[in-house]
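Let chain B serve as the given structure and place chains L, D and C on it in line with the hints.
There are 4 protein chains.
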Amino acid sequence: MIRFAVLGCGRIGRMHARNIHAHPRAELAAVYDIAAEAAEATAAELGVKVAGSVETVLADPDIEAVLIASSTDTHVDLLTRAAKARKAILCEKPIDLDIGRVEACWREIGPLQPFVMLGFNRRFDPSFKALRDRVTAGEIGKLEQVVITSRDPAPAPAEYLKGSGGLFRDMTIHDFDMARYLAGDIVEVQAMGANLIDPGIEAIGDIDAAMVVLRAASGALVHINNSRRCAYGYDQRIEAFGEKGMLLAGNRRPTEVERWGKDATAAKDPILHFFIERYREAYDAEIDHFVDCLEKGRKPLAGFEEGYEALKLADAALESLRTGRVVRLSR
Amino acid sequence: MIRFAVLGCGRIGRMHARNIHAHPRAELAAVYDIAAEAAEATAAELGVKVAGSVETVLADPDIEAVLIASSTDTHVDLLTRAAKARKAILCEKPIDLDIGRVEACWREIGPLQPFVMLGFNRRFDPSFKALRDRVTAGEIGKLEQVVITSRDPAPAPAEYLKGSGGLFRDMTIHDFDMARYLAGDIVEVQAMGANLIDPGIEAIGDIDAAMVVLRAASGALVHINNSRRCAYGYDQRIEAFGEKGMLLAGNRRPTEVERWGKDATAAKDPILHFFIERYREAYDAEIDHFVDCLEKGRKPLAGFEEGYEALKLADAALESLRTGRVVRLSR
Amino acid sequence: MIRFAVLGCGRIGRMHARNIHAHPRAELAAVYDIAAEAAEATAAELGVKVAGSVETVLADPDIEAVLIASSTDTHVDLLTRAAKARKAILCEKPIDLDIGRVEACWREIGPLQPFVMLGFNRRFDPSFKALRDRVTAGEIGKLEQVVITSRDPAPAPAEYLKGSGGLFRDMTIHDFDMARYLAGDIVEVQAMGANLIDPGIEAIGDIDAAMVVLRAASGALVHINNSRRCAYGYDQRIEAFGEKGMLLAGNRRPTEVERWGKDATAAKDPILHFFIERYREAYDAEIDHFVDCLEKGRKPLAGFEEGYEALKLADAALESLRTGRVVRLSR
Amino acid sequence: MIRFAVLGCGRIGRMHARNIHAHPRAELAAVYDIAAEAAEATAAELGVKVAGSVETVLADPDIEAVLIASSTDTHVDLLTRAAKARKAILCEKPIDLDIGRVEACWREIGPLQPFVMLGFNRRFDPSFKALRDRVTAGEIGKLEQVVITSRDPAPAPAEYLKGSGGLFRDMTIHDFDMARYLAGDIVEVQAMGANLIDPGIEAIGDIDAAMVVLRAASGALVHINNSRRCAYGYDQRIEAFGEKGMLLAGNRRPTEVERWGKDATAAKDPILHFFIERYREAYDAEIDHFVDCLEKGRKPLAGFEEGYEALKLADAALESLRTGRVVRLSR
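Chains as they are written, first to last, in full-length UniProt numbering: chain B, 1 to 331; chain L, 1 to 331; chain D, 1 to 331; chain C, 1 to 331.
Pulled out of the complex, with its shape left as it was, chain B reads as follows (with noise of 0.2 Å):
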């Protein structure tokens, strides 16, 4: 039974407090917020207590793990100190918006060799995992070509999006971990962006809409497409093409009913618009991978080093755009 402490209560956090509390190898033994009736509200909501501060949390010899799930500015204090505190570690991405803060983080905590896990939830949404798990095996063959489809339901506010680092940052960091999970190491990133949605993230100097290709060490070609706006809900889909064929995932929907009439055939259901729903399965598996590898000894599928990866892809892009040119990696 692992004891963790979820620091850090908005949507996000509240439901990993509830798959952890709900996790049979797992208990949730304190919630923190810096917003007190968060965490209240939370701790009420799953009869468990609210600790009174970061520092209560880490000093409890009790408690094993924390995940953190609070504002991204506040993940490299949180895993420095949950690191020196010996604590097993799973903290949403972004590591940070800041390549150096995140290089700086790893140089005091990586002596320590801190057992960290980074939220990547979609490498555990069933049909991409089973989609890389077949790669792997070699069902196509070697890998040749990759295409992401990534495409939020509604743009969040510009007020917002302001502090998110950019759609790069903010929304293909996804997608930039999804293409190494797929095809390894990155060497070349390209990318256009554009505004097609929302004055509003123009006026912020952020793009809405994005088309990347990337080059990996492998030899594959990755491309991915994103979206601020889709008005059939979250998509999200993988296509992964090789040497004997190809394997697409696709999204899920709520029932599998199909409608006839006279005007279409075989309509199904709109998509999920929420990323809870759609990867509630997903977010399970990801509290199952923590507590698995943390009973086992094992490193686990998305650590420290899979935030900073994408975390450099996203800055590559980022220089892509800017420049006009192909970013090469140095590794």
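Keep in mind that the hints were calculated from the coordinates and are not lab data.
The list cannot tell twin chains apart, which means a pair is met if one copy fits it or any two copies do.
Below 27 Å or equal to it, Euclidean Cα-Cα: the simulated DSS-like pairs (lysine-lysine) are:
#1 Lys142 / Lys244
#2 Lys262 / Lys244
#3 Lys244 / Lys162
#4 Lys162 / Lys142
#5 Lys312 / Lys93
#6 Lys142 / Lys262
#7 Lys262 / Lys129
#8 Lys142 / Lys312
#9 Lys312 / Lys299
#10 Lys93 / Lys129
#11 Lys299 / Lys84
#12 Lys93 / Lys162
#13 Lys129 / Lys299
#14 Lys129 / Lys142
#15 Lys84 / Lys312
For chains L, D and C alone, kept in the frame of chain B given last:
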């Protein structure tokens, strides 16, 4: 090069005339219709001559084959005369609505060993044919269950249906033949009918919806469902279930486009409404099969016997409907 | 918070125990099984107590509800005693294999107006429920035809099936209930059965495949096809056809991955084989519905009457099978 | 009735000859090929005459239109001579591999205002055309993103590819035209290429896989991915994404049969491998469009300019590949 005459230049006769005209190894020599202007229109379109009478056609030694597409009540007479004139015959279904007349016809022409093919077009549909070939090749092991869905887009006027012989002889007859094509000889028939669509059909003593269950001599069970009206087009599907799996043959659409929108996703085109479009490839293949069998001295896939057996099943279904009993067919 | 006891800790009882335990507004107070070790295993897993006897459970004023998941031949006795003890009851189907005993049971407990829900899990499957809700909402106009496909992955041993009451009472009973759920009261039953799969099933006088046609009081026709073995998994589909179109509810797969290769394209996962996985969401929703109805004083979606009516249809199908006649149900 | 001569009787010329022959408002008057026996075989098959020389064809006042299907290096010369002879021209793509020669050709023939249609067959594919018509009709609102998948079944021999002008001019040229057909004028090109399939292709300095991103003047982003080899056939798909949703145009299969078995479910046929089969309907429609435009004095959907613009994009992609920079097109 097989030289044909087409007898009957209504909608279906004209279509056959065009297909014969376009076939590389067939030649349309003449057309005939009791309504001279129908014959003339077809002749003008295709640049062929109008025959002055059936006699002229049958007496012409250069005409090797006749396609009978006139009204059902003339089929037996034309079949008999054409057989006596030693023409090869492609006759639209049904042979006749009266089983006694069909039997009498065969007693008369059977000894002449005529080359007769019945127009059961669905046997030539690429999807149904592929399904049947794969079943025959053993892909799903022993065939155990068949489900045939057969729904017309809209009922013909009750006035027309009055002379049609009723749902089973007019519409289900295709499905009875399909059941035999897939599962072989049928030994039991159970039928339930209903009036759900058009009160005019009930008024003439006919039904407009039906569910039939058949047992084949092989042991396989076959279900047929029929409706005289179908909002989304001409619904023609077959499911073949066996020891090792299932094969489904679905509807064909004009394009492969699908739409993803707010209210529905992966919505495809409506299916085709008109039988001549739906079975275009099947009608082409039917002429090709006739020419091929004639050239090579082979028995066609659907001969006089198939027309006779399908009609026997229609009569048995009608008896089951009237008596509420399963009807056992003696062989 | 509804406090439950589970009577019967076999495969399905244990699953229900887990679902009750996980439900936020239910509490598992005790489990009981005639085989003490089954009860102990379940109790240990979930941290609840083992009841020493049925009497103890029924006498416990803190237990509000009992879930009956013991062997079929004990259902009537437990239902009767639980009703007299004023417990709310969730009883696995069937009530009994003998319609006379079911009627006698109701004569005895009916006057007590017990809260009884029958475990017709399929009514709670998200796809089937959505299909039914959309039919009810008029999306396809008047319902005219229903096709229910229901095929088990593999037959239980003939030894077990000997006591099952036969295919119609053991397996089709779910489909009879589904027919009523969708089309309402049934007035005619026609059935054809076959032995296609397991000679051991024929040896005990049972069938292993069947096709049934029903007529509803509404006029709608319903077809059910069953097989005791299905190579590609647990095939559970429904087609509802009406004036304005068709709704199909298909099978659910573990992932949304498809494969494109040399021999086949767009090939999806096999479907689930095991009923507990296939209907996982349905079983969860079933407990939720029970709790909800009990809390709000509502009639459950499937009560004692639904168990009785489904059994009557099974008996009528058996009579049709024996007599080769359509069976008309008096109401 | 438009009278045609076909210049070039290789695989594609012969196919066009057949299609012209079968068209109700076209007549094939003559065929010519530098290799006399190719012309004779086509002439014999279709019962038309062999022209003794290009001069003979161009001098024949009864020939209204010429279809140029000879080798690429002869296109400019034949186009020029045919334009001067006042023939209507249907020319296979590309006009030439050298943009300078294409420009010079137009300078010479432009003033004659010739009727020239380029053989961009994909514009006439029923699915791609329907997708485009629906985008144009506003079904998905403003077009924002396009994803074009275009993979050949197998590479031509490196020997042949040596003279092809490279992947972008030989293969992607169709996709560049499709991008323009859907999204209008293109203003930026970014390309990444790879050698993943055939070392012989690398040896001749060409690539065998590519990912390209384009920006249209409208703001839309377009992604193209190409592979010279595709295990499951000739993969030709388009995704159009806009404000109100998405339209997908998929691959067509020979039948609508799907297989459900132990290892996979809903598995469909492999897709077609051969471009002449895949685009059969498109090639028919192309001839029909040419005849129609000529009869009605309309501008064809793809004229000389489309051939020129697609080649410019191919050259820009090549430049991007060489420089690693986005190439901006001046207009």
